[in-house]
Structures are given as structure tokens and as C-alpha cells.
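Asker: Starting from the known structure of chain A, arrange chain B on it as the hints suggest.
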Amino acid sequence: MRILVINGPNLNLLGTREPEIYGSDTLEDISVRCRQRAEAHGHEVDFKQSNHEGVIVEWIQQAIGSVDAIVINAAAYTHTSVAIHDALRAYEGYKLELHISNPHLREPFRHVSYVSPAVDAVVAGLGVDAYVHAIEAICSLPMGE
Amino acid sequence: MVSTDLELLIINGPGLSDIEDRSEGPSISAIGHACADLCEALGIGLDYRQSEDEAEVAHWITSDAAHCQALIVNPSGGPSATSADYQVALDALAHLDKPVVEVHLTNIFRTNRKPLQGLSGSAGFVCGLGVGSYLLAVAAVAQQLGVVRAE
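In order, the protein sequences belong to chains A and B.
Numbering-wise (this note's numbering), the first sequence opens with residue 7 and increments by one.
Numbering-wise (this note's numbering), the second sequence opens with residue 24 and increments by one.
So that you can see chain A by itself, here it is in the shape it has in the complex (with noise of 0.2 Å):
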């Protein structure tokens, strides 16, 4: 199984900005991380990060047909982006929306995610352990077998 994880807007700059709210790991600690427990299941992770809307709208694109399951966290065009909900509905394969902090929990500016209508799971606040813990989550899955 091969499994995308996407990741959005400022997460290149995970583990230097706001630690107190998204901690010190950076996003290289976060994929290496997932890269081995996919492993650990015989699957592979392929992990990447744009600060641009339309970048991702095209990996998610280029995922259809190729990509078993895909883990999105779009951070702040979560919250903006009909492009992203629109090329992941276009998507056929499994969709898991992640945030490290609880959008729902934070300014009422991040209270609507166009991802999550548009995603078969939400994972959010649970930090950066989150990760690891949905590609265990979707290993875990009948499909994954």
C-alpha cells in the first residue's frame, strides 16, 4: 500500500514556531516516523509539505489511480480552500484529515474545515504523535490487509 501525507501552509516550520501549541518535533523527526511504522507493515509513506494551495491541489490529483490512502493536513487552507475539498472529493482512494492542535478548540476563524466533509476520518489534537498514529490507523484498516 502506498500512503501520501500531505501537509500544508507554516509546517515547514514545525518545532521552531508556536512549540507551546504544535511542540518541537520538526515535520523531518514527523516523517521519518512514519515512514518506519509503515514499514513496520510492509507499506510505504511518501511525505510532503507546500506553502502553496495549488501545489497540493496537484499531488492530490496525481495521487488518483496511484495512491492507496492519502493523510492531508492542509492547515490553514483548511479553513479557505474549495480547491483542495474539490480535488479530494475527485480522490477515490481513503481520506484521513489530520491537525496536531484541535481546529474546533481555537479561533472561531478555524471552527470549518472544507477538508473534513470531504475526508472519511478527522484526527485532531492529539499532536504530533498523531501522525504515526493514523498510518497505524490505516495499516490497521480491511483494505490495508
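Some hints could be false.
[What the hints assert, rightly or not] Calculated Cβ distances over 12 Å to all of chain B for the following chain A residues: (1) Arg8; (2) His49; (3) Thr86.
[What the hints assert, rightly or not] In silico DSBU-like links for lysine-lysine, alpha-carbon gap of 35 Å or less: (4) B:Lys137 to A:Lys54; (5) B:Lys121 to B:Lys137; (6) A:Lys54 to B:Lys121.
[To be verified] Calculated Cβ distances over 10 Å to all of chain B for the following chain A residues: (7) Met7; (8) Asn16; (9) Arg23; (10) Thr32; (11) Gln67; (12) Gln68; (13) Arg112.
Because the hints were derived from the structure by calculation, they are not lab data.
Please read these numbers as outputs of a predicted model, since none were measured by experiment.
We treat Cβ as the ideally placed atom computed from N, Cα and C, and that holds for glycine.
Answerer: Chain B in isolation, oriented as in the chain A frame:
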């Protein structure tokens, strides 16, 4: 495996006792067995409950939750869970100084439902993974409590 005195309380609210009949996945007792197996492997004590009685669930949250180290709640609800007392109890979750995770079997955002409001900023949320929502929450809580180290 590490043996600990940690106890996890999992509360299932009204509207979940008949999920098997509604063919929305595993029964509430099957979920309980899966959670118990994982907790045993992690060395965490598990107190797993479900009630159709809002007042009973409210009591568990406002009283019994004080004795656990972490709480996982599927508030469920549905048409029956609308009493003011139940809402007050859910609001009380915000004041618990311990890990709290809200879980749902299905993706509530596809049916225009909303997550609990007013939880403390550290509360977690998982929906849409079926029994996996619970297992992910248990694994995350175990890590937050220091039962298992991040690899």
C-alpha cells in the same frame, strides 16, 4: 509491557446501544473488547461504559471521571440526548485536568453534526475510523500518559 495504576475511562453516550442493528459497524460491546485488548497490552486499566440514560452518563462525567487518569467520550446523542443536564455534563469535560478525547465511529462532518463545544484546548478528536477511532484514541492517550514512549 509496563504495569501501571493508570485507569482509562471510556464513556459511550445515548444512542449507541443499537449500532449493530443500524449496521453502522461493530457493536458497542465488540468495541469494548477491542479497547480492553489494547489496554491490556499497554498495561492500562480500562473502565468501559455505555448508557442510554443521559442522567447516568452525566453522573459518570461529573463524578466518576475524577478517579480516572484519562477520559475518552463518544457523546453520541442523537435525537434523545438533548436535556440541559446532559449538556451541562458535557460542558464539565472542559474542567477536567487530564487527557480528554472525543470519539465518533463515523465522520460526523458528513452529516452536518458538530464536535463538542467548550472542551479545554488540549482535548483530542477522532472520527470516522469505526472501532479504529477508539483504538487510535487509546494509543494517543497512552502516549500522553507516558505509558508508551514515542519511537
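Asker: None of the hints should be skipped; say for each whether it holds.
Answerer: Structure-based check of all given hints:
1. For Arg8 of chain A, the shortest C-beta to C-beta distance to chain B comes to about 19 Å, beyond the 12 Å cut-off, and the non-interface label holds.
2. No Cβ of chain B approaches the Cβ of His49 of chain A within 12 Å, the least distance being about 16 Å, so the stated non-interface status holds.
3. Here Thr86 of chain A stays apart from chain B, with its beta-carbon at least about 16 Å from theirs, past the 12 Å limit.
4. Among the hinted pairs, Lys137 of chain B with Lys54 of chain A is consistent with the structure: their alpha-carbon atoms are about 30 Å apart, no more than 35 Å.
5. Of the supplied pair hints, the one linking Lys121 of chain B and Lys137 of chain B holds, its CA atoms being roughly 23 Å apart against a limit of 35 Å.
6. Between Lys54 of chain A and Lys121 of chain B the CA atoms are separated by roughly 33 Å; this keeps the pair inside 35 Å, and the hint holds.
7. With a least beta-carbon separation of about 15 Å from chain B, Met7 of chain A lies farther than 10 Å from that chain, consistent with its non-interface assignment.
8. Non-interface status of Asn16 of chain A relative to chain B is upheld: no Cβ of that chain comes within 10 Å, the nearest being about 19 Å off.
9. No beta-carbon of chain B comes within 10 Å of the beta-carbon of Arg23 of chain A; the shortest separation is about 17 Å.
10. For Thr32 of chain A, the requirement that its beta carbon stay farther than 10 Å from each beta carbon of chain B is met, with the minimum near 14 Å.
11. In this structure Gln67 of chain A is separated from chain B by more than 10 Å, as the shortest Cβ-Cβ distance comes to about 22 Å.
12. Remark: the non-interface label on Gln68 of chain A is consistent with the geometry, its nearest Cβ contact in chain B lying 24 Å away (cut-off 10 Å).
13. Interface exclusion of Arg112 of chain A from chain B breaks down, the closest Cβ pair being 7 Å apart, not more than 10 Å.
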